[in-house]
Each structure stands twice: as C-alpha cells, then as structure tokens.
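2 protein chains.
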Amino acid sequence: MQFLEILEKKRDSGRLSIAEISFFIEGYTAGRIPDYQASALLMAIFLNGLDTDETVWLTESMLYSGLVLDLGDIAGIKVDKHSTGGVGDKTSLVIAPICAALGVTIPMISGRGLGHTGGTLDKLEAIPGFDVNLDLDRYRDTLRRTGLCLIGQTKEIAPADKKLYALRDVTGTVANRSLISASIMSKKLAEGIDGLVLDVKAGRGAFMERLEDAETLARLMISIGNRMNKRVSALITDMNQPLGTHIGNALEVIESILVLKGESDPHRTDLVELSYALAAHMIVMGDRAGSYEEALGMVQQSIDNGSAFEKFKEIVREQGGEDTCLDDLSLLPSATMTCLINAAEGGYIDSLAALSIGRGAVLIGAGRQTLDSVIDPGVGIILNKKIGSRVEPGEAVMEIHYNSEEKLAEAMSQFEGAISISKDPVPIPDVILKVLDEGETT
Amino acid sequence: MQFLEILEKKRDSGRLSIAEISFFIEGYTAGRIPDYQASALLMAIFLNGLDTDETVWLTESMLYSGLVLDLGDIAGIKVDKHSTGGVGDKTSLVIAPICAALGVTIPMISGRGLGHTGGTLDKLEAIPGFDVNLDLDRYRDTLRRTGLCLIGQTKEIAPADKKLYALRDVTGTVANRSLISASIMSKKLAEGIDGLVLDVKAGRGAFMERLEDAETLARLMISIGNRMNKRVSALITDMNQPLGTHIGNALEVIESILVLKGESDPHRTDLVELSYALAAHMIVMGDRAGSYEEALGMVQQSIDNGSAFEKFKEIVREQGGEDTCLDDLSLLPSATMTCLINAAEGGYIDSLAALSIGRGAVLIGAGRQTLDSVIDPGVGIILNKKIGSRVEPGEAVMEIHYNSEEKLAEAMSQFEGAISISKDPVPIPDVILKVLDEGETT
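In order, the protein sequences belong to chains A and B.
Just so we're on the same page, our numbering is the position in the first sequence counted from 1, plus 16.
Just so we're on the same page, our numbering is the position in the second sequence counted from 1, plus 16.
Just chain A, same shape as in the assembly (with noise of 0.2 Å):
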C-alpha cells in the first residue's frame, strides 16, 4: 500500500477502506509516515469529511495504536464522563467522587487547559501534593481499592492521538467532527471503560458554537462508542456564559468543594444541576439505579450524609493530596491580590461571555499561553452574577482574584468586554439543553 494513494483518494472526496485507515494510523505512530504527508491527509479530511464507518474506523486505530486497559478484575461497571471543554466546568471534580461514593468505578483519565478552556488535571494539581501522574500500576490499584482514580494520559494510551494531536494544533486541522470524536473516543475507550456519559459544550465559549453541531458532534460519539459496545449518552450543554461561579485551579477546587458539602448559592445553580443530571446517568449505566429519578436521589443523599465528601478526600489522600486543604480552604493557594469589575450601569446581566473571561484567565496566570506556560493556581475569577441576575449601577460584577498587576492590565478588556447588561429583565439560560441518550430519559 502507497500512503500517497491514500492521500489522493481523500483529496478526491472518495471513502477510505479500515485497511487503509490503519496504515495511515499505523505508519504514522511508527514514524514511517512523515509529519508533512500526515498534515496533507488531515487537511484533505477536514475539508472532505469522513463518514461515520470511517470515523469509527480512525478511532479504531488510534485506539489500539497503544494500549487498551482491560479492567476486567475490578469488580463492577466503569464509568467516565468526557466534557468537550468549557470555562469554569469543574463537574469530574464533584461527579467522580460522588459516583465512586455511590459504588460506580469512576477510571478517569483526564487532560490539561486547552486555550481558553480549563483542564481537570491542572485542577486537581491546585491541590498541594496531588500527583496526577500515577503510572499504570498504581492507577489500578488506586482504583480497585478507592473505586475511583483520577490521573493523565500516560504515554501507553493511544500513542497516535498524542501524535496527532500535536500536529492538528498547528496545521488548522482541529475543529473536525471526525477527528474531533476520534481523538476523544480512541482516549476515553483506552481507559478500559464500560459506559461514557459525554457533556458536549455549545455555546460561544464552546468548540462547538451551535446547538446542531454540538448534538452532530454527540450523535457521532455515540455512533462509535455503540459500534464499539459500549454505552454511551449524552448531554448537550451550554457554554455561553461559565459554569458555577469560581474560574480558576484552587478557585474550581473550592466550588466544587462547597458543591460537595451541599453549601448552595443561587449563582451555582447550573453548576450543581448539571453535575447532578452528569452523575445521575453515571449512576444508572453503572446499574446502581433502577432509574434516573432514583439516581437524582442517591446523589443528593451522597452529598447529605457527606459520603460524596469523604470519598473526595480519599481519593485526594491516596494520590499523594493534603486532604487537610479540603477542611481549611484557606490552606489552598491563593492570590495576593483582588479587583472588582463593577457594572457600568444598572439592569440585568445580558451576557457574561465564557469565552472573553477564559480568555482573561489565561492572561492573569491559570492557563497556559506557550506549551512551557507554568500555570498559578491561585489566581482566577469569582463571579457575583449570572446572566439574569439584577444588577444595580457601580455594583461588583466579578472579582479577579491576581497576583501581577501587569498581567492584570492585559487581561482587563476580556473582563470588561465579557459584561453587557440590558435595561429589560433576561431569562436564565437552560444548562442543559438536550440530553441523547438510550432510553433512560429525555
């Protein structure tokens, strides 16, 4: 086979065979297709598409490009969520310990900040001495013995996504729904999972800005994740405004501590709705609810009887953590310094853009701007209102939370940017926008 004629027949919008599609995979990983011959394939798939056999076909191949964790000795039905990537979505955060509380093995193998979003794995590394970086041993027994691990992707899971990955973000060759799902999926079924319960973003502080190619994109994952029997669901959700009210490493640490605890604020409300419905479906395609409803319940008592708590503090304890943090928040980092973005008039909040205030986190220090970017996990962002909420002239919008007035400096027409008030009352926005699913609910 001749890589070449491969790339002359997706150049010709025609159908690649698995045999081809795995050479392509295969030669890449191997190194015996070079960089500028894989681009050119990407390029010509971004433009001409590839079809849902194609598709499953490429997650196929990236998927066993390394090695596919069997978990078939820990007992039960494992259990992840994938979010597509948001500003202020600390759900893994609140939903894995809840399910492991709840008896669902949560094997969650999560990523770093990209862009303007945040990352699960710079999170939980705001918590002084968590070690995300367990190798493949210490991931199983961690998760045999807590029912829940929580680390990144280690060189052994799909090599080829690595790979490709890299070059994508530097060739205009990511958003791809192809690609896009082949990347995620290969990753998530390498973790040895049974069921997946995704969390699509749309919105404009989304990948994906519309909701129809937010539920393509859904529908797409699902297609792959059936044909390679697994359960798959998921929830399409918005991502116009952030997630919760704290931005920011140590900052999504301690909302989604204040979620655990049950400490409730009506600003958090989409934040708790979501992790709950996230968790709720965990629960059910891990057949520890008969329903979805019983699944709610369960969830809501893990939080009261502080089960979903202590299970957090297990987990933070058994990956190298000071679990002490999670009593005494102030033990975690924080910034030096404080500012207030006040309204500039009064009324109800139009917009809160998630993805200028994304934008703005990374400027003052809690993503990272260059690939050697050394993130501060105290500084971030706490937001006072919600899109709806009334507000009054000169009152405090946000607070940002800094450690460099110079970075500050540069980040304050995101912030700035990010408000618009409208004189007309304005309804809360729905989080959750659709739900695909198999059948448990709609």
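There's no promise every hint is true.
The list cannot tell twin chains apart, which means a pair is met if one copy fits it or any two copies do.
Said to hold, decoys possible - Think about it this way: if two alpha-carbon atoms lie no more than 30 Å apart in a straight line, the pair counts; the simulated DSSO-like pairs of lysine-lysine are: (1) Lys25 to Lys179; (2) Lys246 to Lys171; (3) Lys423 to Lys277; (4) Lys439 to Lys171; (5) Lys329 to Lys25; (6) Lys246 to Lys178.
If you are wondering where the hints come from, they were derived from the structure by calculation, not from laboratory data.
For clarity, every value in this text was computed on a predicted model and none was experimentally measured.
We have chain A already, so just place chain B on it with the hints.
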C-alpha cells in the same frame, strides 16, 4: 503575521493577500515554516483553489525567492518555450537551434523527465560530453556568443519552487492549475526572458486530459505573464499519442537531428508541424519576422540551408558535447537488443497510448522510477505506425530498443496495451488543437 491564520483562511475558502502569500513563500524558503504546515496549506489550496490574483502573487513570490536574471546586456529579444510534458516531445532540441540561427536569443532552462514524460536535460545528456550544469556566468557568456544556451535549473533560480515542488510531489498536490502555473512561470520568468511560448498538452498522455482544462491552464499562465509585462502565447497540442516516431533519450536526439536535416517521414509530420509552429511563434515574438507566415518560411529556410543544424552543432560543442556524433549518429548511445511489437490483426491504428508507451519507456530504463534511478540513454521505442496508419496483420507497429530482458518483460504489457486497431479507417488527428496568443495568428 501568524502562518496558522493564513492556513485557516485558505482552509475556510478565504482569499489570501499578497502579504500573506509572500509571508508563506519567504518563510517556507527560509525554513521558518515547516514542511508539515506548508503541506496542509498546499492541500487547502488544492481543494479550495487560488484565484488569478492570488496565483500571480504566488508566482511573483516564488520568482523573487531567488535570483531573477537580467539579460539586458545581451542584445535582442529573449524568448523561450515551455512544454507541460509529453512522450516523444523533443521540440526543444529542434526549435532552440532554429530560432537561434534566425537571430532570436534563446535562454533555455529545462527540466528532467517526470513520471512517464521525458525531459530535455536527459535527452541532451545522451550526447556524449554535453554539460547541462553550466554556472550562471558561463550560461550568460554562452548565450551572448551563441544566442542559445541549454541548461538545468540552478540552485539560484526560484528555490521556493524547488522546495515546494518536492513537497507537492509527495503530498498529492501536484495537479492543481494555480500551483502548476506558478511553478512553471516562476522558473521561466527567472531566466530573464521577454517572451514565452507555451506548449500545453492535452490528452491521455498529458497532465491535463481534457482540452478545456489545458486551455484554462494556458489562459492562466498567459494572464500571469501579461500581468508581469511579458509576452506569452500558448499552443494547446495533442498528447494522446507520442510526438514523432522516436521515444527515448538518444533516439530523440536522433529524430531531432533528422528534423533539423529536413529528412522527412510521414509518421513524423506531427513533430515537424508542431516544431515549425512553435519556432514561428517564437520568431514573431522575437521581432525577427513581421508575420507568422513569414516566420514559417524563415524556419523552412533555416532547415534547407543547414543553418539550424549548424547552430545545433555549435551549441553541442560550446557545452562540451562531441559534435561528431551529430554527423555520425552511430556514435550516440544505443541499445544492444531490439524487439518488434506486431499488429495482432489488420486495420487502422486507432490508438497508440502515449501514457502506456511513456510508462513502458521508463520501465526499460529511459526514465526514472525513483529519484536516484540512473537513465539508460540508449533504450527507447521507434514507432513504425501512428494513429490513422494502415497496418497488415503481423506487421510491426513499434520497435523496442532495450538492454535488459528482465526490464523488457516488465514493460511488455504497457507496449502491447498501448495499441488498438480498428477495422474502419481512422482519421489522422490534428497535433495543434488551439492557438491562444496576442493577435499574430489564430
């Protein structure tokens, strides 16, 4: 400027600016833009196209990536010809001495064989001692004294094209009108010419199969030339069957000499007609004749009085070749064995596929299968028949001149498959399908 933004713009069918195109060409030539980003852009260009302005800007950027010769110190109008490549196309060897003998200065920088098509440099090197690798000082000097010089592309000429062409070749991005035009025109305009006659081939043995596609390509190159204040004409010519009777490097030198000596053969009419027409266009462009008809008469005269053939001997001597070979053709390289391909049945030759014969020629050693293949100058094919010829059952259609039984065996199906015979008379096809120029003739 960020290269990724340029890439994304073309990916999304945007129009690139002159600044963006030169940023790409300068960056790629200097090695700041890596191959894997350039190949993604090439694929986006292949699929989304460049308009005429973008193509002109690409040509200019590629042209000025290297040295643009100024031949202002050499008297007369400098004219060259470029063919898009065919089988048995030795017109350069015929028209260069004719035009130089008639006072038109011919600064000719040629290429090597590519795929199934032959190359002028490989043919010239079949003449013992002929050196196509003159440096630019000797090139100028030879041109000044002889009115003619035949060399290969030096590293100073359009280095962006050299690098891009190599990348296009391995990334499935060769056959794009704009990329082909920019490649040809940037090299040709760097020679310091005032005018250019294009021979754009159409047919199953050409890169452009359909007449309309060849014409569109020709019109694009004429536009580029005109936008850069050069006179450009184009002939669209047939490349379904090989041109003339001889295919292979030394064999094509022999046939060129036969034409220059006026030795006629009814199967060579297409070669003679096309060579005369190209030369006449170049003579008009070089202001040596007032009309195309006058120029045609001058061409015939240069053959009849021996001045064209003498000019060929002169340039062979000038460039280190053994000119005695031209008087005694048995001194040129030849093959040790000959075999005949006979007609399976009687009738009229209906097709004599240039593509198959060209591929067969490469297989017996007349061209390169890989970049480091060594050409066997003596091997090739002599056609005893052409499309429209009457043939008796068992009569020889072609003669294969070869040096290796093994290679011949590999090539045999190409030669046999090239021939088809019809019971009914077949008209002799026109060689010149269309003339596109600036008003001299139509």
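Going through the hints against the structure:
no.: 1; hint: Lys25 to Lys179; verdict: both (23 Å within a copy, 24 Å between copies)
no.: 2; hint: Lys246 to Lys171; verdict: within (23 Å within a copy, 57 Å between copies)
no.: 3; hint: Lys423 to Lys277; verdict: neither (33 Å within a copy, 81 Å between copies)
no.: 4; hint: Lys439 to Lys171; verdict: neither (53 Å within a copy, 68 Å between copies)
no.: 5; hint: Lys329 to Lys25; verdict: neither (53 Å within a copy, 48 Å between copies)
no.: 6; hint: Lys246 to Lys178; verdict: within (23 Å within a copy, 50 Å between copies)
Checked against the numbered hints listed earlier, the structure breaks hints 3, 4, 5; every other hint is satisfied.
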